[in-house]
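Take the two lone chains and join them into the complex the hints point to.
Line by line, the protein sequences are chains A and B. Counting along the first sequence from 1, when you hit position 16 you're at 1086 in this note's numbering, and nothing is skipped either side. Counting along the second sequence from 1, when you hit position 88 you're at 90 in this note's numbering, and nothing is skipped either side.
The hints are simulated quantities; they were obtained by calculation from the structure and are not laboratory data.
When the alpha-carbon atoms are kept at most 27 Å apart in a straight line, the in silico DSSO-like pairs for lysine-lysine are as follows:
1) A:Lys1171 with B:Lys64
2) A:Lys1127 with A:Lys1176
3) B:Lys53 with A:Lys1171
4) B:Lys64 with A:Lys1176
5) B:Lys46 with A:Lys1140
6) A:Lys1171 with B:Lys29
Next come the chains, spelled out residue by residue.
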Amino acid sequence: TQLLEQSPQFLSIQEGENLTVYCNSSSVFSSLQWYRQEPGEGPVLLVTVVTGGEVKKLKRLTFQFGDARKDSSLHITAAQPGDTGLYLCAGAGNSGGSNYKLTFGKGTLLTVNP
Amino acid sequence: NAGVMQNPRHLVRRRGQEARLRCSPVKGHSHVYWYRQLPEEGLKFMVYLQKENIIDESGMPKERFSAEFPKEGPSILRIQQVVRGDSAAYFCASSPTMEAYGYTFGSGTRLTVV
Chain A
1071 TQLLEQSPQF LSIQEGENLT VYCNSSSVFS SLQWYRQEPG EGPVLLVTVV TGGEVKKLKR
1131 LTFQFGDARK DSSLHITAAQ PGDTGLYLCA GAGNSGGSNY KLTFGKGTLL TVNP
Chain B
3 NAGVMQNPRH LVRRRGQEAR LRCSPVKGHS HVYWYRQLPE EGLKFMVYLQ KENIIDESGM
63 PKERFSAEFP KEGPSILRIQ QVVRGDSAAY FCASSPTMEA YGYTFGSGTR LTVV
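Here chain B stands alone, though its shape is the one from the complex (with noise of 0.2 Å):
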C-alpha cells in the first residue's frame, strides 16, 4: 500500500510563473491536507479538501494560491505568478477520516523560485 505520493520532489520556478503541485492520497483516504514549511519555519496549514470540497482554506493566502481535490485524480495545489517569498517545502497529508490522528505526510515539493 503506498503511502502519499506527491510530485515533483524539486520545482524551479521564475518569477512570474505558475506552480502546480500534486498529490495522491493514501488508498481509500479522502481528506487531504497541505501545509507549507518556510525555512526557519514550523510546518503551517494551508487547505483542507475533501473530494471535491474545500472544507478549510483559512491557511492559504487569498491570492494567487489554489487548490482542488476532483473526484477522479490527485489533489492541486497551484501556485500563480510564483514570487521569491513561495519558496517553501509544500507537504501534503492524507487520513481516513476527518481528524487528525491518522495523518500520513508525503515527502514534500521543495519549491525554488528564482
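So here's chain A without its partners, still in its complex pose (with noise of 0.2 Å):
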C-alpha cells in the first residue's frame, strides 16, 4: 500500500491548458513537499508546505496543503512545454513520525505538447 497516492499517473494535455495533479494519504504529515524530476536527474525542490490550509504560489504553480495536511495539490495555470516533468509529491512526519524522512508518491508524468 502506497502511503501517498498520487493523481493521475499520465497527464498530457496542450500548450495553455489548466490542470491540477492530487497528492492523497490516510496519514497526517507534518510537512509536504513538491518536486519536479526530469529525466536522468535528481527532483528538484519547488515547494515545502506545513500549515493545513496553507496556499503558496509560484509564478504559474499553485500549492495547497489540506486542512487536515493529510492531502496537497498542485494547480499549473497555461501549462508550457517547459513545465513537462514527474512531478512528485512527499510527506515528511507522518503520524509523528521523523522530520527527516520522506515519503514519496509515485508521481504525475506530465506532457505539455506545443
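Rendered as C-alpha cells:
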C-alpha cells in the first residue's frame, strides 16, 4: 500500500491548458513537499508546505495543503512545454514520525505538447 | 556554490561485483540521505547519516548494503555482491539541518547489474 497516492499517474495536455494534480494520504504529515524531476536528473524542490490550509504560489504554480494535512494539490495555469516532467509529492513526519525522512508518491508524469 | 555531486552518473556491474556510489553534499551541509528509485516505484528512503555517524538505516537492506560519511571526504554507499534486483537509480540528498525542509538532491547514480 502506497502511503502517498498521486493522481493522475499520466497527464498529456496542450500548451495553454490548466491542470491539477493530487496527492492524497490517510496519514497526517507535518510537512509536504513538491518536486519536479526530469529524465536522468534528481528531484528539484518546488515548494514546502507546513500549515493546514496553506496556499503557496510560484509563478503559474499554485500549491495547497489540505486542512487536515493529509493531502495536497498542485495547479498549473497556462501550462508550457517547459513544465513537462515528473511531479512528485513527498511528506515528512507522518503520524508523528521522523521529520528528516521523506515518503514519496509515485509521481504524475506531465507532458505539455506545443 | 556547487550542489550535491554524485559520481559516477552511470555504473555497470556484473552480478557478484561490488558497487561504490559517492556523494559530496552541498558545502556546509552535514546531513546526508540516500534514496533508491526502482523502476515503477517511488523514491524510497535508505539511510540518514551525519559526519561519522549513521543516524537511521531503517530503509537499508540488512545484507550487502552499507553506508558511511567519514570526517573527510564524500559519503559512500557500498553494495557488495550485486544482484539484478539492485539495478536502480540511487539518489543522495543533503540538508543543513536534521529536517526535510532544506533537502537538495544530487543527479543520481544509475546502477545497472548485468
